[in-house]
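> Each chain, letter by letter, is given below.
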Amino acid sequence: MNQPMLFVPEFALLAGVLLLFACTALGASQRTTWLVSTLSALAVVVACLWGLGLDGEPFFPGIYRVDAFSQLFKLGVAVALALCVLISQQSASMRSLSRVDAHFFFFMSALGMMMLASATELLTLYIALELSAYGLYILAALHRHERIGGESAAKYILFGAAASAVSLYGISMIFGAAHSTYVAAVASSPMSPMLLFGIVLTLAGLLFKLAAFPVHAWAPDAYQGAPHEGAAFLGSASKVAAVAVLLRVLSLAGADAEQLQTMLLVISVASMTLGNLAAMVQKDFKRLLGFSAVAHAGYLLIGLAVLSPLGAASAIFYVLTYVPIILCAFIVVSAVSKHGRNPAIADLAGLYKRSPLLALVLLVAMFGLAGIPPTPGLAGKWFLFSAAIDAGFLWLVLVAAVNATVSLYYYLRVVKEAYLTPPEGYEDIRLSPAFTMASVFAMLLVFFTGFYPGPVFQLAKEAAIALGL
Amino acid sequence: MSDMPILSIILLAPLVAFLITVVLPEAQTQLIKIINAVAGLTTLVLALVVWASYDKDLGGYQMIEDVPWVPDFGIHYTVAVDGISVVLTMLTAIVFLTGVLSMWTLEKRVKEYFAFMGLLVFGVFGVFISLDIFVFFFFYEVAVLPMYPLIAIWGSTRKEYSAMKLTIFLMVGSALLFPGLIALFVESGGHTWNLVALSQAGTFSESTQIFIYPFLYIGFGILAGMWPFHSWSPTGHVAAPTAVSMLHAGVLMKLGAFGILRIAIGVLPLGAAYWAPTFAVLATIGIVYGAFVAMRQTDFKYVIGFSSVSHMGIVLLGLNTLGVDGVNGAVFQMFAHGIMTALFFSAVGFIYDQTHDRDIRHFGGLVGQIPVATSFFILAALCGMGVPGFASFWAELLVFIEAIRVFPVLGMVAIVGLVFTAAYVLRVLGLAIFGPKNSDWDELVEPTPFLSIPRIMLIAVLLFFGFVPSLMVDMISSATHIFSAAGASL
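Those protein sequence lines, which keep their order, are chains A and B. At position 456 of the first sequence (counting the first as 1) the number is 460 in my numbering, and the numbers step up by one without a gap. At position 387 of the second sequence (counting the first as 1) the number is 612 in my numbering, and the numbers step up by one without a gap.
In short, the hints are calculated from the structure, not lab data. Errors might be hidden in some of the hints.
What the hints assert, rightly or not - Quick list of in silico lysine to any residue cross-link-like pairs, SDA-like style, CA-CA up to 25 Å: (1) B:Lys-336 - A:Phe-445; (2) B:Lys-258 - B:Glu-332; (3) B:Lys-258 - A:Leu-424.
To be verified - Okay, the calculated bits of chain A under chain B, using three or more residues with CB under 8 Å as the criterion: (4) 322–328; (5) 373–379; (6) 388–400; (7) 409–420.
All residues carry an ideal CB built from backbone N, CA and C; glycine is no exception.
Pulled out of the complex, with its shape left as it was, chain B reads as follows:
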């Protein structure tokens, strides 16, 4: 087993699906969907294998594959996983598979849709397992760009505007990453792009780290929805079709947070320590601001979009504590939020596909009409509030414990923000799901058992890690032990 290039196979599965999709005739929609579902299933099975065969006690990077790519420039195709990558690879595989399944009824330009989606997933997997900065950035850009056609063609509600806004915002992030990432190479002496080698203590002086860190943090932070560069995210979510929203909020925003953790904090710990108090303030503003704005929204997807800003704020706050519990919580939250948002968008998408309306004031008493479909939404909402029993409860708990320890004031403010989270979630539930029945929607039907499968899978994952959080925390901590228990003093 150990000599099989399992990571490369995970990486190539969506690319193969993409290539087959491109050459198949357009009329073969069913075959295209099946091929992509098979690719999704393959990645999920292999991600499970990776999870099972990763040696947590040993820790560090495992299953390393290294091939020279541009040897004259020191660039190597190096892939490997640590505890964090294992978790996020799993997340991507789950969201990929459920994303394909929940777009099973798609009829408009099926071939191109799955082609772009395959390319996007290929990029995401690549980012999560790369250890070479150039390769990392290569996949990062591969993942970001398909969003433009995916939103602009299959989206709704000002789709072209949103798609262009999203792309330009993310490319501004890349414009900061270019100098930041290359400076790492040059400042370290111009020998290696390898992240492990660059992470070694003493590679960069403290002043260099302090100078480069904000380029990387903000560059990646834009993709992570960091306040005040978050505004592309809600409009993008609203405009995107269901599965794209799932991928976008579920996986793509995690690329930003992952980039901060793996490169910005991983390579520049002293820079991180210097800037952490500042960026923690921004993260806390994001938590509270997102929750406040979500309370005033009337569109289902805007509510979820701003809740994502808030939840990603929790991730960023956790990362900025620089403590074991905080970072563990942040990664856990990346996973939990990914699954939860996928479920959220999947549930809303199902209602929207029938009604073509997402204004929560137009609904009422849906629970009586379509109890199964609404229960998916309710469960996602409960998870969003961080109710015990769901994965996000543990994630948020860990982040807030560490935040109170490191930044007492910010931690308190953030926890108060959670109250507003509960408020906006309950408001949506009260207005649209419960409340007096609106007879306009008597025609709504329940999802077929087949369409329920992806949603049930997502709920199962959320509940599973809600009841067995140690499985997740053990996996993550095998990679985060480098952070001190006290936090921020790294």
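The shape of chain A in the complex, shown without the other chains:
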């Protein structure tokens, strides 16, 4: 395959970045920018779909790999990006000055995430990581109320910088132990305490991206303080990229890293338990989603911790199907929010009367997060749990399944508010065509993968094989 052709998804995204930069520079209106951004995102999705079968190494061998693994993750990022910009037409929760610029940062960050999926050399990986992070830091700070945005963004940046530093330190240890920063070379070098230590440190910085315990504390704050669309992007695309990079680094360790496995198992159990317990008492809907994200990081880590191809495939399936589900939730957040304020759970009252479509979207999102069919949440958990039992962790599945039961309580509380409480004192919600489109599209994705998980699981399995875990 022609070398530049391998780069088509990234080129499409880069073109979008430049177009949006031009929009900002030429002072285009909000509406024009949104149109450009939505169409570009659509083009990126098409490019990613086209690029699913690509395989090869553009540029220097060993640094940047295009294969089934990277391309699938790029598609996940592209879909998340497209849905996020689609609902950013008004961006009422965003500072009015920044509503045009925000699209540029969405694209910039997505570019970093896509490169992250392909990077097979640790420094490239680190640079891609930072590229994706800067866009997110800025997006998190754009809340219309400076104080809210400032606080959450400061927390996010400080935590993020510390995590990056730890990762970088870990990479230096890996280099010291393996005398290389190429993933392939590190993976084939003999395991030593120093290498393991390096991998653990690198992982610690990366687990931050996934919002796993004990580096999860920023997530609820950032979800709460970021503008809705920024939080949506943070909760969907960023998760996809985090799983990609974690899998890549874990493939360094090979299958015989028992200490690493123990560490990941502990983190997994702690994340899901803490996330679910904390989410039970939340009143702010976005904050609830933030803690639920911590819990889901725990479920995802089951797939990563078992260090098997089945586990990797399950984690990939889970995070890809998680994207449309969590975006359903954020579509509701964004549409319900009045004057850009954060909706409390109580503000969802009587949604079934105020906007039946939105209530349905919310129902789909909550059932999806809780793992109730016909959403893919059930299949995702089923695959993850199968991988865990296959690796001999029956107890882990019991803990996770009990956790899923606990989580049902707060997801159902949200459903109850939307379907049971009368809509007194709340106005009807008129959905703009963009929101209707995003809702229908996200729900179609959920139902398709829910009723027919076969194709996505097949792609995930191929990706896991390409990873070579």
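Fit chain B to the given chain A structure using the hints.
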């Protein structure tokens, strides 16, 4: 006929009704009801066709449809029926149709009600015909969750509490099923989720079976109302609206018992044999306990709710005998109890809709005021007592014969429990239906002929199988011949 995917059509009928209901405007209530009734009628007709075309002499699984679903994970959409599925599919179709008909006067949020109900029935049909463990569990969860909104929105009496309690209890059951079901796949070598393949003798060692069995038995048992995990069931029944109670007690609790029979006992016979004496004790406690508690209740629906615990105890006792007669009786009882409870709730619901009162002490002499409506209740009550002439008589007889043979002491205790069943049923009849007339209720009117149709259908079914039990027993035994005649020594 044989190449028509008849099982998939039965499965899809409620889903199609659900989809049409979702897209129809809310104001079209009459159309929504008609569409769901048509779907119910379609499933009933097709269930009759399945019953008629199932070859009892051949036995085993028939009308198999197999489509790869997640081929990379060995998951297939495999549906088929054996004698047990045929009976339970019929039960679901009857309860679906009569459930729609008895909610004909519903006015509150009609569209959403029938949408959730269609989804629930879709799940129930799916469970009864699936042969793949993942597909089975998929439908199982589809069936369980709509109960939450159905009770919480249209229910009464602490409805939100009951709905949440029910959901959490059932999900705890699922939390046990997750590891149990997946362990079957992994322990068998990780090739197949197919129940027939997994049921082959020698797939699992005895120690594995003994380890996994309680996960599955208790996980499914919670939904079957097994003592001591039954407490969600009476509160759920009481809170639920009429047709939901009908579906809930009539069909949904059978999913649990069916899961035990099809997966727990079917795949792990050695585990079942090991645990049967223990779980038989719990089942017997359930029979006696349910009857005792029902005697002290003052709410119509609580009486029926606890009687369900008692009657499902009979089903579980029958299953634990592991003998042909016991299992036949258990399945027969699943069917009979499903129809009978549907009738019970339907009759009580009719009275409650007019009075908004269910305290049996507030009533008296209703039989003089509304003889037709009360006669439905009386007939259901007689069936609940297991009076000869009704289907449940044969079901209980079979279970108790086998129980006495296998567990003599437990069998005797359970039969004594039946005396208390008679006591609580007669107490309700004496207080509310007969006895001195209470003039508070002079305004009560009889059901219209149209509203009587579903009740008459249910009574007809109960009487029919009461007089021709062999039809039912023959159908069930075509699937249960694998159990030994002596029981428990499988």
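> Next, verify each hint and record whether it holds.
Here's how the hints hold up against the structure:
For the hint linking Lys-336 (chain B) to Phe-445 (chain A), the alpha-carbon distance of about 23 Å falls within 25 Å, and the restraint holds. Proposed proximity of Lys-258 (chain B) and Glu-332 (chain B) is supported: the alpha carbons are some 11 Å apart, at most 25 Å. Simply put, Lys-258 (chain B) and Leu-424 (chain A) have alpha-carbon atoms about 22 Å apart, close enough for the 25 Å limit, and the pair holds. Using a Cβ-Cβ cut-off of 8 Å, 0 residues of the segment 322–328 of chain A lie near chain B, which falls short of the minimum of three, so the contact claim is violated.
Counting residues of the segment 373–379 of chain A whose beta carbon lies closer than 8 Å to any beta carbon of chain B gives 3, which meets the minimum of three for the stated coverage. With 5 residues having a beta carbon nearer than 8 Å to a beta carbon of chain B, the segment 388–400 of chain A meets the requirement of three or more and the stated coverage holds. Counting residues of the segment 409–420 of chain A whose CB falls under 8 Å from any CB of chain B gives 6; the rule of at least 3 is met.
When held up to the earlier numbered hints, the structure conflicts with hint 4 and nothing else.
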